[in-house]
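Trainee: Chain residues, written in single-letter form:
Protein chains: 2
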Amino acid sequence: MTDLSPSRLALVPFISVADMMRIVNAAGIPETIAAIADRIETDFRRWPDFDKTARIPSHSDDGVIELMPTSDGEFYGFKYVNGHPANMARGFQTVTAFGVLARVDNGYPVLISEMTVLTALRTAAMSVAAARHLAPKDARVMAVIGNGAQCEFQSLGFHHVLGIEEVRLYDVDRKATEKAARNLAGTGLRVVSCSSAEEAITGAQIVTTCTADKRYATILTDNMVGAGVHVNAIGGDSPGKTELHRDILMRSDIFVEYPPQTWIEGEIQQLDPDHPVTELWRVFRGDVPGRTGRDQITLFDSVGFATEDFSALRHIHEAALETGFYTDLDMVADPDDPRDLFGMLRRASDA
Amino acid sequence: MTDLSPSRLALVPFISVADMMRIVNAAGIPETIAAIADRIETDFRRWPDFDKTARIPSHSDDGVIELMPTSDGEFYGFKYVNGHPANMARGFQTVTAFGVLARVDNGYPVLISEMTVLTALRTAAMSVAAARHLAPKDARVMAVIGNGAQCEFQSLGFHHVLGIEEVRLYDVDRKATEKAARNLAGTGLRVVSCSSAEEAITGAQIVTTCTADKRYATILTDNMVGAGVHVNAIGGDSPGKTELHRDILMRSDIFVEYPPQTWIEGEIQQLDPDHPVTELWRVFRGDVPGRTGRDQITLFDSVGFATEDFSALRHIHEAALETGFYTDLDMVADPDDPRDLFGMLRRASDA
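So the sequences go chain by chain: E and V. Residue 41 is where the first sequence starts when you use my numbering, and the numbers rise one by one after that. Residue 41 is where the second sequence starts when you use my numbering, and the numbers rise one by one after that.
Chain E extracted, bound-state conformation (with noise of 0.2 Å):
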């Protein structure tokens, strides 16, 4: 009665951001984002599962933080993430997170993960996922607008699963491109740092826009987007922050994941709210095509969504039971008897 160590019940295995270091590396970085591509298209595929709602967040001047809930009737998953654009200049991240899965049947938690990194990981997941119905399938050519956290991933992504074979950077931060240069040296990837956006694009079919300013920019205008091209639109991402100008959008066939959050946070904030969009999970369900002809536009209008978290939560779960690399927090009370909260507190203090 009066043992103090945990019992089983009360442990939620915790991925530390060590931890999944050491699992995506055992794994690969390309291969674990090839991994989430197929999670999330399997799990886009049974949409009407999925208990959806638009992320909750709280804003301030600062920034804002948001939570993420999903369900699928057997697990539940939120997250926690960040967006504080004047981060950076003062040594944070702009965007931090972590991860919960829980079991729906009984409510207790079975996992808490740092998720900076592995949202990372699905946001090029995402992307590859997208982009494999949508991308002109002999692309071999991927710009890359914005070489920021994400642009790496982006690139790896690409390369591993659609076959991109040179990746064309540019930031207007030049240290940007050389970091993401360097970081992609010996990856397979030809890598071309560009000096500006217009260079990027020529001979890119996939455009990928990943800039980080929280306001109204114009990252690629109209001019630079050829016919037959597939745009990775995936900065514009809060309202009051886009990438694209309005006339591409006009142009393109646009494809997006769930349409009260991106009608609220993407691209399409600049458009009529009656313009057409198509949602990803009926392409990846076969039912609606995706990439139709040689000269389409496609736009995927990426801002992230819950149920993403959700499949790269249930993937890193499954990989860190595997591999072991977790540790086990005593967060759930669990007395012997459970009506018996005040008589676990008072044995705790005897013993």
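Keep in mind that the hints were calculated from the coordinates and are not lab data. Mixed in with the good hints there might be a few duds.
Since the list can't tell identical chains apart, any single copy or any two copies may satisfy a pair.
[Said to hold, decoys possible] No more than 20 Å apart at the CA atoms, straight line, and that leaves these computed lysine to aspartate or glutamate pairs for EDC-like:
#1 92 / 102
#2 215 / 380
#3 177 / 112
#4 215 / 377
#5 92 / 71
#6 92 / 380
#7 92 / 358
#8 215 / 376
#9 215 / 102
Model, not experiment: these values are computed from the prediction.
Since the structure of chain E is already known, use the hints to place chain V on it.
Mentor: This is chain V only, laid out in the frame that chain E set:
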């Protein structure tokens, strides 16, 4: 560069169940309830400072999982809590919880804490804070109907803060009453075990109801509540779950935490939506009176609100840092260059 030990920014203090029990036992259970009651009342007095939202539920056949976020502009906090009535029969806790505090200015989490024990304490603390303004000043006898996990915390809180000398216990399950009576022995309270709710309320100036049935129940009928009594109704806290006969509500002055939530979850879900209720933060501020007369029946329709968890987390965060009863979790990825998440991951592999 290849140092894998996490930076100071990466570390988030974690209060395990064992550490929570150490913190609470070091200060004393009733003393902790009193301290949280003071913190709740102070925070309620600055009610307009808080970002308030009704809890975000995910319902299933077995129960509910909820997120309860709030912010005061300096700190952001949320609680994860489940409610699964069938859990007890399966050897699990009906309610488990954990919570997080974060800094609003940079979005970094600063605390993860178990909250199953802490929620029991803050629920009693909220009842005590309300009763300070609503119960008869000379109240010395309290009935507690429902002798589950919350019973002893309520009893001790009211003993310590309001000077209650006698608790009269009743539960449909005799074993629950025996458990509570055993736990309360030697605390200075006179404990009377009763064989009916009618017997329990005899001579009581305060009636606390904290039963657990997830259905419309009538723990108190109209004739059981006499003039001058304060009813502290804890158990009616979700749609379809009430404890009091509607006629009692009609004769009472009703005090609530956050009306948009209480109308959905509280006893007042039985009333017409234009029925008058008083917000407790206005009472705590002195803007409107609490108890105004000897014969008045006051009712605290308690459902539990996010700011109360916030207040409890703020108290326990300070207590953890003071006592050292916590461990650090490596939870926030913190690369030397915030844009170089990929490089951090690669270097971890090289190390």
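Trainee: Any hints this thing doesn't respect? Which numbers, in order?
Mentor: The structure breaks hints 3, 5, 6, 7 and 9; every other hint is satisfied.
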